[in-house]
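Chains as they are written, first to last, in the numbering used here: chain E, 1 to 798; chain V, 1 to 112; chain W, 1 to 140.
A hint or two may mislead.
Claimed, not checked - Only pairs whose alpha carbons sit at most 25 Å apart, straight line, appear in this in silico PhoX-like list of lysine-lysine:
no.: 1; chain 1: E; residue 1: 464; chain 2: V; residue 2: 96
no.: 2; chain 1: E; residue 1: 788; chain 2: W; residue 2: 13
no.: 3; chain 1: E; residue 1: 157; chain 2: E; residue 2: 548
Claimed, not checked - Below, a sample of chain W positions facing chain E; criterion: calculated Cβ distance under 7 Å:
no.: 4; residue: 9
no.: 5; residue: 10
no.: 6; residue: 28
no.: 7; residue: 30
no.: 8; residue: 32
no.: 9; residue: 43
no.: 10; residue: 56
no.: 11; residue: 59
no.: 12; residue: 60
no.: 13; residue: 65
no.: 14; residue: 74
no.: 15; residue: 79
no.: 16; residue: 85
no.: 17; residue: 92
no.: 18; residue: 121
no.: 19; residue: 135
Source of the hints: derived by calculation from the structure; they are not laboratory data. Using N, Cα and C, we set each Cβ at its ideal position, and we do this for glycine too.
One letter stands for each residue in the lines below.
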Amino acid sequence: MSLLHFAVLLPFLYTIFVPLFFKKLPRIHTGWFVIVIPLLLFVYFLTNFPVQTDSPPIVHSVPWIASAGIHFSLHLDGLALLFALIITGIGTLVVLYSIYYMSMKREALHNFYVYLLLFMGAMLGIVLSDNLMVMYVFWEATSVSSFLLIAYWYQRKKSRYGAQKAMLITVFGGFAMLLGALMIGTAAGTFSIREIIGMRETLADHALFLPAMLLILLGAFTKSAQFPFHIWLPDAMEAPTPISAFLHSATMVKAGVYLVARFTPVFGGDMNWFWIIAIVGTLTLFWGAFMAIRQTDLKALLAYSTISQLGLIMSLLGIGSLALNPDFAAEADWFEAAILAAIFHLFNHSIFKGCLFMVVGILDHETGTRDIRKLGGLMSLMPVSFTLTVIGGLSMAGLPPFSGFLSKEMFFAGVLAANTHTEQWTLWLPIAAWVASIFTFAYCLILVFKTFTGTYHPDRLDKKPHEAPIGMLIPPIVLALIVVSAFFFPNLLSYNLFEPAIHSVLPGLRLPGETFYVKIKAWHGLNTELYMTIGIVVVGTLLYRTYKKWGDVYNLLPHKYTLGSLYDNGLAGAEKLSARITSTYMNGFLHSYLSYIFVFIILLVGGSFVLLDAFGYDLSTNAEIGLYEYILAGAIAVLAGFVISVTSRLTAIIAVGAVGYLVSLLFVIFRAPDLALTQLVVETITTALFLLAFYFLPKLKTEVTRIRVKISNLLISVGIGALFTLIGIAAQGSNQFKPVSEYFQNAYELSGAKNMVNAILVDFRAFDTMLESVVLFTAGIGVYTLIKLRKSRKGGQQ
Amino acid sequence: MEILMTIVAGTLFTSGVYLILSKTLLRIIMGLSLFTHGVHIMLMSINGLKRGAAPLLEEQAASYTDPVPQALILTSIVISFSLTAFSLVLAYRTYKEHGTDDVERLRGQDHE
Amino acid sequence: MKFPDVILQTAAKILVFIIMIYSIYILFAGHNNPGGGFIGGLITASAIMLLYLAFDVETVGEIIPLDFKIIGAVGVMLALLTGFGAVLFGVPFLTQVYQYVNLPLLGKTGLGTAFVFDLGVYLAVVGTTVTIIRSISEDL
């Protein structure tokens with residue numbers, strides 16, 4: 001265990017104490033106790049900053065399931081550090097924000113912070129894991145904790161719906177990713193990501209290469225809400241706003257981006273990888289931006305904008321992956337720039353989107369609504385929030401002097417490069433990017449101006465709006481400051497944070513000690529990118545102005561056959577179908593269930609018995625049979641048959657008891673005195689219990705059963721009896737292993753006992769005996785409860 | 001001897017399973033009881049019967065019967081005793097609560 | 001439920017003691033001869049069951065004023081603690097040790113933690129079985 005392991009496990013361990021703080025110190029907001037953790041981790045990760053790219057990255061490993069090649073191994077390279085800093089940094093701000101956002105009196109804060117910490121730990125686990133299986137575990141942990149957080153207000157139907165949707169879609173993707181990880185692990189013979197990257201040349205020809213790639217991409221796309229899996233993100237907005245700011249803008253949805261970036265060294269250079277990611281990413285970019293405009297709920301608008309921005313980052317990663325393609329070695333610089341743009345924009349988006357979500361949370365908190373139609377004219381009432389929205393919104397729109405401008409320009413450079421250098425038909429790429437950016441610009445204007453300018457309608461608001469408390473404003477202010485300073489000093493980040501990350505995404509392109517060209521400039525001269533931005537501003541403003549005229553375009557979209565309704569109908573249909581299938585065999589009859597089990601045993605065991613030709617017998621070692629033994633065997637067989645037919649319960653019980661006594665006589669013949677004694681006493685007590693318990697039960701009736709059922713019962717029972725007899729006979733004939741029993745003949749030397757059976761029970765296998773007495777005791781308590789509980793209930797009624 | 005005992009065990013399995021498949025709770029529990037006896041006899045006979053003395057070192061015999069299956073069966077006897085006792089009381093309570101010991105009529109409600 | 005049977009009651013009074021003594025013999029004999037905690041416990045339980053059959057629940061409750069649930073729990077705890085005792089000495093869970101001592105009357109006897117364990121099993125069996133019987137008979 002290294003410090004890095006503790007860093008990942010710390011949030012998980014700390015969850016134990018959170019409910020204690022909540023219960024024992026109710027006067028202090030639980031958030032103050034929780035904020036220590038992300039802050040501590042943030043500082044810890046800062047001490048590892050910046051990552052040295054010329055020395056091998058830090059790797060720590062603890063064996064977990066070593067036999068399956070699964071080790072809890074963690075690594076900290078440039079990419080992991082970037083994500084870890086975003087997770088813990090924004091995590092700290094979000095917890096601070098939540099202290100003011102989440103009411104101490106009304107909310108179940110212990111649940112909230114436990115889920116939040118679980119999520120944070122899981123997210124750190126994803127980005128730091130080197131082992132694919134460990135990463136998968138954390139991957140699903142984020143899905144689960146996200147589910148819990150979205151459903152935090154579980155009293156609301158929409159919260160539960162959104163949580164379920166997010167869970168189903170991301171877990172579906174998670175399974176796909178697991179399958180892909182298993183495939184790539186099988187192909188490479190290891191689950192370590194570092195080792196898989198090391199053998200990427202040999203992997204490309206493997207038959208599992210393409211399926212593994214597709215499945216891993218499926219996992220990434222569902223998590224990062226890429227088209228057509230984006231539908232869960234708008235519904236996830238039912239979560240409390242701090243959660244939306246943290247999970248659904250800055251961290252969890254970035255896990256898919258992380259996965260793509262992490263696997264770029266393995267799959268990058270493959271043209272399929274480029275095409276799939278570029279097409280899906282661009283489509284998502286366009287669709288998200290297009291849909292964001294029609295939203296009236298501010299959080300839904302931000303959700304669609306997040307979808308769109310994630311598509312942008314994805315498509316950049318797709319384009320950048322071409323740097324690893326040997327065919328484009330000459331143009332590699334262009335594609336490396338695309339990776340830089342992706343990482344830069346990822347950073348920017350986390351910052352400005354976190355800021356915007358927090359501001360929307362403030363609006364919601366102070367005005368009581370997030371509906372654009374009700375808001376307006378808040379500029380003078382909430383000047384700080386307005387400033388923050390302008391900074392965040394215009395950064396998202398891609399205007400100077402905000403950091404979004406830089407990454408947007410780099411994005412255009414990337415798509416243009418992809419168009420000029422791939423020599424394939426990729427003209428659609430810059431066009432789609434440009435059109436999507438126009439919509440992006442338009443919805444940013446809506447976000448800023450529809451909310452804060454225009455006429456103020458106090459009558460539409462539930463509360464009288466005023467500026468938020470300072471504690472709630474600090475986190476978005478910090479983020480906004482980063483947005484501005486990242487514009488003026490981008491190279492500070494670029495050399496220290498992004499360059500090492502590019503080394504992780506594109507390994508092997510530079511010798512140790514060499515660096516990527518990562519200088520980011522605000523002014524490139526009058527180039528195509530700048531003209532594109534000017535065009536966006538002009539057309540975007542026009543679109544915003546004329547929205548009323550062209551807004552009807554959305555009505556042209558089909559209402560009935562949307563992706564959302566496809567999901568809803570699919571879910572309902574699947575439920576109905578499974579209910580129908582289940583009801584055909586789960587009919588509530590014990591008889592049916594037991595029959596399934598027995599028939600299955602006959603088919604499976606009997607089938608393999610026949611197929612493997614396992615039957616054989618060897619009677620030579622058989623002991624001779626005495627007269628008594630014939631009589632005993634005959635008596636047991638006759639009594640066993642007798643129990644079936646008898647109708648008097650007393651006779652049946654006595655017959656069963658008689659079988660037991662005869663069996664204990666058999667144990668005498670078998671030279672098993674302990675067994676004979678125990679069987680004798682047990683049988684006595686059991687028979688007495690039978691008689692006691694069934695004193696009041698109705699008489700055994702001749703069962704009215706259809707003859708068909710009777711015959712099938714008979715067939716099943718004869719089948720089981722015959723099968724086991726044959727297996728028993730076959731087992732006697734074969735002796736595969738030397739018996740271990742000779743060891744126990746040393747019982748006297750080993751445990752001072754002369755009774756071997758007893759020595760086994762109390763010494764050699766005492767663990768079994770101990771648990772056995774626990775079972776016995778549990779049964780006793782069960783009996784006691786079954787009878788006494790009803791008594792006390794009746795007593796309560798009197 | 002072994003083959004005879006295996007056949008006896010088979011008979012016990014047959015009537016045990018037949019009783020388990022019937023409708024009355026009492027019959028089902030008796031079926032379980034018979035089935036357990038069958039398993040015990042089967043375990044003993046697979047190991048080989050009547051070879052050597054009882055597994056007591058006082059016997060000073062040249063060879064002893066294998067003590068392992070005996071220890072196994074001893075455990076099994078006690079477990080099946082607790083199982084029988086518990087299911088008997090469960091059946092008894094079910095009858096008191098629902099007024100029937102017919103498992104066909106004890107069928108759960110179809111949900112919704 | 002009452003079985004007002006004079007013969008049964010008279011016989012039970014004597015038989016119970018014989019069975020009890022026998023059961024304790026069986027418990028101690030277990031290490032070297034057929035017997036042990038399970039059988040001993042079951043025989044003790046059957047002696048108490050005989051009492052329940054001969055007398056009614058209240059009378060038996062007065063004769064043996066013990067809570068058998070607690071006896072069962074004590075037995076399981078005893079078996080568990082024997083195991084943890086081994087852990088305290090740095091050997092694997094449930095490692096048993098034994099020693100020969102010369103006891104008055106009994107002579108050279110092997111005494112070991114295995115016996116404590118067996119005693120735990122004995123108590124667990126007695127406690128459980130009597131709890132079961134008692135619960136049922138009180139309900140009838």
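Results of checking the hints against the structure:
1. E:464 / V:96: violated (64 Å)
2. E:788 / W:13: violated (29 Å)
3. E:157 / E:548: violated (33 Å)
4. 9: violated (17 Å)
5. 10: With Cβ-Cβ at 20 Å, over 7 Å, it is violated.
6. 28: Hint violated; residue 28 of chain W Cβ to chain E Cβ min 11 Å, cut 7 Å.
7. 30: This hint holds: residue 30 of chain W lies near chain E, its Cβ roughly 5 Å from the closest one there, short of 7 Å.
8. 32: holds (4 Å)
9. 43: holds (6 Å)
10. 56: violated (13 Å)
11. 59: violated (17 Å)
12. 60: violated (14 Å)
13. 65: Violated - the Cβ of residue 65 of chain W stays beyond 7 Å from chain E, reaching only about 18 Å at its closest.
14. 74: Given a least distance of 10 Å, the restraint on residue 74 of chain W is violated.
15. 79: holds (5 Å)
16. 85: Violated, about 12 Å.
17. 92: violated (10 Å)
18. 121: Check passed: Cβ of residue 121 of chain W comes within 5 Å of chain E, closer than 7 Å.
19. 135: holds (4 Å)
The structure fails to meet hints 1, 2, 3, 4, 5, 6, 10, 11, 12, 13, 14, 16 and 17 from the earlier list, while all remaining hints are met.
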